[in-house]
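Chains as they are written, first to last, in our numbering: chain A, 1 to 438; chain B, 1 to 438.
Treat the hints with care, as some may be off.
Identical copies go unnamed one by one, so any copy, or any two together, can satisfy a pair.
Below 25 Å or equal to it, Euclidean Cα-Cα: the simulated SDA-like pairs (lysine to any residue) are [stated by the list, open to error]: (1) 170 / 263; (2) 418 / 397; (3) 185 / 116; (4) 65 / 36; (5) 170 / 330; (6) 170 / 340; (7) 170 / 123; (8) 381 / 328; (9) 170 / 281; (10) 185 / 341; (11) 381 / 121.
Just so you know, the hints here were simulated from the structure itself, not pulled from any lab data.
Quick caveat, the model's predicted, so the values are computed rather than measured.
One-letter residues, chain by chain:
2 protein chains.
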Amino acid sequence: MRRVNIGLVGAGTVGGGVYQAIQRNASLMACRLGVSLRIHRVAVRDIRRARDVRIPRSLLTTDWKQLTQDPRIDIVVELMGGTSTAREVVASALRAGKPVVTANKALLSAHGESLFSIAQQRGGNLYYEASVAGGIPIIKVLREAMVGNRITRLYGIVNGTCNYILTRMKREGADFMDVLRDAQKLGYAEAEPSLDVDGHDAAHKTGILASLAHGFWVNPALIHTEGIRHITQRDIEFAGQLGYTIKLLGIVKARPGVARAANRVQVSVYPALIPNSHVLASVNDVFNAVFLRGDIVGDTLYYGRGAGQDATASSVLSDLGDAALDLLHDSRRRVPAFVAHREGGLMVPIDEAVSRYYVRLDVIDRPGVLARIAAILGRAKIGISSVIQPEVHGGGGVPLILMIHDATNAAMRRALTKISRLSVVRSRPSLIRVESFD
Amino acid sequence: MRRVNIGLVGAGTVGGGVYQAIQRNASLMACRLGVSLRIHRVAVRDIRRARDVRIPRSLLTTDWKQLTQDPRIDIVVELMGGTSTAREVVASALRAGKPVVTANKALLSAHGESLFSIAQQRGGNLYYEASVAGGIPIIKVLREAMVGNRITRLYGIVNGTCNYILTRMKREGADFMDVLRDAQKLGYAEAEPSLDVDGHDAAHKTGILASLAHGFWVNPALIHTEGIRHITQRDIEFAGQLGYTIKLLGIVKARPGVARAANRVQVSVYPALIPNSHVLASVNDVFNAVFLRGDIVGDTLYYGRGAGQDATASSVLSDLGDAALDLLHDSRRRVPAFVAHREGGLMVPIDEAVSRYYVRLDVIDRPGVLARIAAILGRAKIGISSVIQPEVHGGGGVPLILMIHDATNAAMRRALTKISRLSVVRSRPSLIRVESFD
Chain A
1 MRRVNIGLVG
11 AGTVGGGVYQ
21 AIQRNASLMA
31 CRLGVSLRIH
41 RVAVRDIRRA
51 RDVRIPRSLL
61 TTDWKQLTQD
71 PRIDIVVELM
81 GGTSTAREVV
91 ASALRAGKPV
101 VTANKALLSA
111 HGESLFSIAQ
121 QRGGNLYYEA
131 SVAGGIPIIK
141 VLREAMVGNR
151 ITRLYGIVNG
161 TCNYILTRMK
171 REGADFMDVL
181 RDAQKLGYAE
191 AEPSLDVDGH
201 DAAHKTGILA
211 SLAHGFWVNP
221 ALIHTEGIRH
231 ITQRDIEFAG
241 QLGYTIKLLG
251 IVKARPGVAR
261 AANRVQVSVY
271 PALIPNSHVL
281 ASVNDVFNAV
291 FLRGDIVGDT
301 LYYGRGAGQD
311 ATASSVLSDL
321 GDAALDLLHD
331 SRRRVPAFVA
341 HREGGLMVPI
351 DEAVSRYYVR
361 LDVIDRPGVL
371 ARIAAILGRA
381 KIGISSVIQP
391 EVHGGGGVPL
401 ILMIHDATNA
411 AMRRALTKIS
421 RLSVVRSRPS
431 LIRVESFD
Chain B
1 MRRVNIGLVG
11 AGTVGGGVYQ
21 AIQRNASLMA
31 CRLGVSLRIH
41 RVAVRDIRRA
51 RDVRIPRSLL
61 TTDWKQLTQD
71 PRIDIVVELM
81 GGTSTAREVV
91 ASALRAGKPV
101 VTANKALLSA
111 HGESLFSIAQ
121 QRGGNLYYEA
131 SVAGGIPIIK
141 VLREAMVGNR
151 ITRLYGIVNG
161 TCNYILTRMK
171 REGADFMDVL
181 RDAQKLGYAE
191 AEPSLDVDGH
201 DAAHKTGILA
211 SLAHGFWVNP
221 ALIHTEGIRH
231 ITQRDIEFAG
241 QLGYTIKLLG
251 IVKARPGVAR
261 AANRVQVSVY
271 PALIPNSHVL
281 ASVNDVFNAV
291 FLRGDIVGDT
301 LYYGRGAGQD
311 ATASSVLSDL
321 GDAALDLLHD
331 SRRRVPAFVA
341 HREGGLMVPI
351 DEAVSRYYVR
361 LDVIDRPGVL
371 ARIAAILGRA
381 KIGISSVIQP
391 EVHGGGGVPL
401 ILMIHDATNA
411 AMRRALTKIS
421 RLSVVRSRPS
431 LIRVESFD
């Protein structure tokens, strides 16, 4: 049986998980694939560091170049994280003609295009199933299973930290800050939580998915990104009363190009109200899910753990299987890391994107307030689909909830600026988009 | 660009859908794959028959041998259905060394092994993504994405007709026969519904999934199969009160073999109560879903349309993409149709399988009834986890619902036979298994 030697760069949580998974299931994979996977060398920062997963000292080195330059190593797996050394490692392995497997979405998001181009020049390939949505095989699904479909809609719950926080806020009636602190204690959120709760991590992942779906590499700086810090307990409660659940979504919506014009694609990350009856509304805790609508297949959904040692390891093993078969069959660029093509598209600026909205205002309880607000929306030709003014006991302002029909983000923003200047409006309005999946 | 010529056998609902999908998206697939797919010839039973999808007369033939023997045809797609001529078509194309794509689960279930062996001898391959769960890429997920995982549990809602009937029974409080008749009118159920409602179709699909998960070809005759005819409105209602939903499930549970012994695998199809909080409980109408638990990845779920022209076409296109890439890279047996291997297993007879149960009895309302029933279960060492005796107005018997702890099917069957002989039990007990996904 053909033996495939793996060089592992990084033996932290994910690297340790991959080492362990290969020890556990390499013989099963050999039965299935006809290839024997074996870890040949592991590059780490500090050889003496205590590790949860025991790796024989003889495999360890601090010099990653020993892996990328070693002709006995067939595949390099980059699991060190970060974007500077990791970039060197991946580029060096690709230049040496080796296939590379990575779980590093930040690296791909920042330097994907240049790494893909090195792979192409050297006839190698870069595999990155583990970079998006952990154990969910969404990269394989998009590139292979959906190869016959135009992807008209993609909605992803791709950040486990945010989903965990929103799930607990809804379940327990707790506030964002309290749940965040608890999530930090439990290890579900970082001490510096911005990457997760401000939506940046979700934007990295959504950009990768959008690129694969639409055949042009999405610049992550152009992805309109909002996090969940501004979601309050009250919003979750009012949304619930209206039959909705709030989730942080990565959103990719395509408007087909007319005649031979390019598709126009909206790529955004923001929290949104989704109907409780939709399958995505029941994706809870740290689980991830990606909902795809194809022009042939219709609606599909893929669900699983979005992060963690084992879920990530599962996707790395899947990539290793593909990379090993590609070596065995000498078909290394069978499914290239990325294919830009003429059916690609252009990004739609968020201002031009159309959606529905939930608006919560804090107003003075006085006759005529709704009329003044409705007049501003009316002049902007923005339709109100429903209004709720819950009864409130105790002094101060009262909440006023408006559900708004389809409007562009620009029109909505302008109208809201005017509304917030009204003397009867007491504080900054809360605006959350509504996704109805039609 | 390499052109790949397709010979299509069958132009009914599914064949027409595939023809249409290729017309629509072949140029997109060419961008993505670097291969141009083109329908070269279509074999049909009757050339003059009116078809929803217009196919040029010049492509049509009534002689399928013109496709399987034509050296200009690169891939044969069998979409005629049935198991006799379809078997000849597939075998003939494989003998001619051509890769074959099929959506025919009945064919695979009955003759899979012999067809796989012809493919192996001739160095060809058989692709069958569309044979299970329509547009859900479950074959690719099992064979490629989960290649590094031992599949410890698989639960599939794989028959859209049954799921549609059970969904409407629950939603509307309707009876099985009424919904079945309506489903037949709407085209969701056949005039002869046995294949669907008695679980045979689900058994074909579950057998294929179990075989791929466990590396031994499952004989469908050994799959314990129950349908949904005996599910009553009352059972759905009582299950709902207990927090459960009834779904027809294809079930594959593995008990790892001790030391070097083979795995023991339960493969069954039966309706079961599943907790409302589980994602599978919200899979409704004609949708399908497959829940997979891997020893590395944990819990994952795949959801989509399980049948219909377009969902099936999407999976055929995915297989065509793989088959075309395999031709391009001369790697036709990269992922063989089926790999039997030494980590395979043995079927567990249903009598030995352990599960929990819901039992509904119709008893005479008299003191001491529960004591007599409990005594029978107690002597059999079967534990009762809860009892509900709903209040009933009007004469006759009263329902008595027992929730039963883990017990073997044999022990439960024996106890139930004794219980049904009690004079206080008025009619045949209703027994439905409970799956708690632990």
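Exercise for the section: Hint by hint, work out which the structure violates, then give me just those numbers in ascending order. Expected result: Numbers 1, 3, 5, 6, 7, 8, 10, 11 - these are the hints that the structure violates, sorted from lowest upward.
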